[in-house]
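Protein chains in written order, with full-length UniProt numbering: chain A, 1 to 114; chain B, 1 to 114.
It should be emphasised that the hints constitute simulated quantities derived from the structure, not laboratory data. Any given hint could be a false lead.
Since the list can't tell identical chains apart, any single copy or any two copies may satisfy a pair.
Capping the alpha-carbon separation at 25 Å, the derived lysine-lysine pairs in DSS-like fashion look like this [stated by the list, open to error]: (1) K109 / K76; (2) K109 / K28; (3) K28 / K15; (4) K31 / K60; (5) K64 / K76; (6) K45 / K60; (7) K30 / K76; (8) K28 / K76; (9) K30 / K94; (10) K109 / K60; (11) K109 / K45; (12) K64 / K109; (13) K30 / K60; (14) K31 / K94; (15) K31 / K109; (16) K60 / K28; (17) K30 / K15; (18) K28 / K45; (19) K109 / K30; (20) K15 / K94; (21) K109 / K15; (22) K31 / K76; (23) K94 / K109; (24) K64 / K15; (25) K60 / K15; (26) K45 / K64.
Number of protein chains: 2
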Amino acid sequence: MRFSEEILNEIDFEKGNGLVPVVVQDFKTKKILMVAYANREALQKTLETGFAHYYSRSRKELWKKGETSGNLQRVKEIYIDCDGDTLLYVVNQKGVACHTGEYSCFFRKLAEEE
Amino acid sequence: MRFSEEILNEIDFEKGNGLVPVVVQDFKTKKILMVAYANREALQKTLETGFAHYYSRSRKELWKKGETSGNLQRVKEIYIDCDGDTLLYVVNQKGVACHTGEYSCFFRKLAEEE
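Put together the whole structure using the sequences plus the hints.
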């Protein structure tokens, strides 16, 4: 991917002990697909390959989204937020994003306006 | 707000030491506005009032979004993700979401597909 070295240096990995949360949004539908975490290495792999990589907090390892399921995420754009501690990946999702088989991980509605 | 007690009980506040990240999405434009954090009390206040409340990790206190700036967020819908450790607030944003004056906190593009 084409990226800005200057903006890359503004990412605050320290605040979250080496990790930043990554919001993943579908490029076409604008739906929120999932939230995962990235360390510096996962972000580097994403920038190098154009496919979303994350860091699994439970397995304590780097993972490429869809490596076993085939549900790859091609990353179109990456944004960082104002204080540099959160990323947004805008992706083309192959198949579904959620391990339950749902398209988005946010398939349960907790509440709505009355 | 109308909410499901059953789904409320599935939120995993323990994983993040009492906090869950909240992705905030604009109801009309589908833009991601910001990511903040909620504890149980902030979520309760949001459900009671219909206005977005969060927990500030730096100030260590509950805050109502827009209380000083006037940039309130009326919450239309709340979703939880598959493993119950992240929330999504879909909101009507008054004014702007970011303290910099930008509409969204994700106004800086780090990278794009080649």
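Hint by hint, here is what the structure shows:
1. K109 / K76: Between copies only: 11 Å across, 28 Å inside.
2. K109 / K28: both (22 Å within a copy, 18 Å between copies)
3. K28 / K15: Classified as neither: same-chain Cα gap 32 Å, cross-chain 32 Å, threshold 25 Å.
4. K31 / K60: neither (28 Å within a copy, 31 Å between copies)
5. K64 / K76: So K64 and K76 pass the 25 Å test inside one copy only (16 Å; across, 34 Å).
6. K45 / K60: within (16 Å within a copy, 34 Å between copies)
7. K30 / K76: For K30 and K76, the Cα distance is within 25 Å both inside one copy (12 Å) and across copies (17 Å).
8. K28 / K76: This pair counts as both: shortest intra-copy Cα distance 11 Å, inter-copy 22 Å.
9. K30 / K94: both (15 Å within a copy, 21 Å between copies)
10. K109 / K60: neither (30 Å within a copy, 28 Å between copies)
11. K109 / K45: between (33 Å within a copy, 18 Å between copies)
12. K64 / K109: between (28 Å within a copy, 22 Å between copies)
13. K30 / K60: neither (29 Å within a copy, 32 Å between copies)
14. K31 / K94: both (14 Å within a copy, 21 Å between copies)
15. K31 / K109: both (14 Å within a copy, 19 Å between copies)
16. K60 / K28: neither (31 Å within a copy, 37 Å between copies)
17. K30 / K15: The answer is neither: 28 Å in one copy and 28 Å across copies each exceed 25 Å.
18. K28 / K45: For K28 and K45, the Cα distance is within 25 Å only inside one copy (23 Å; across copies 33 Å).
19. K109 / K30: both (17 Å within a copy, 17 Å between copies)
20. K15 / K94: neither (32 Å within a copy, 29 Å between copies)
21. K109 / K15: So K109 and K15 pass the 25 Å test across copies only (21 Å; inside, 30 Å).
22. K31 / K76: Both, since 15 Å and 15 Å are each at most 25 Å.
23. K94 / K109: This pair counts as both: shortest intra-copy Cα distance 24 Å, inter-copy 23 Å.
24. K64 / K15: Cα proximity of K64 and K15: in one copy and across copies (24 Å, 23 Å).
25. K60 / K15: both (18 Å within a copy, 15 Å between copies)
26. K45 / K64: For K45 and K64, the Cα distance is within 25 Å only inside one copy (9 Å; across copies 38 Å).
The structure fails to meet hints 3, 4, 10, 13, 16, 17 and 20 from the earlier list, while all remaining hints are met.
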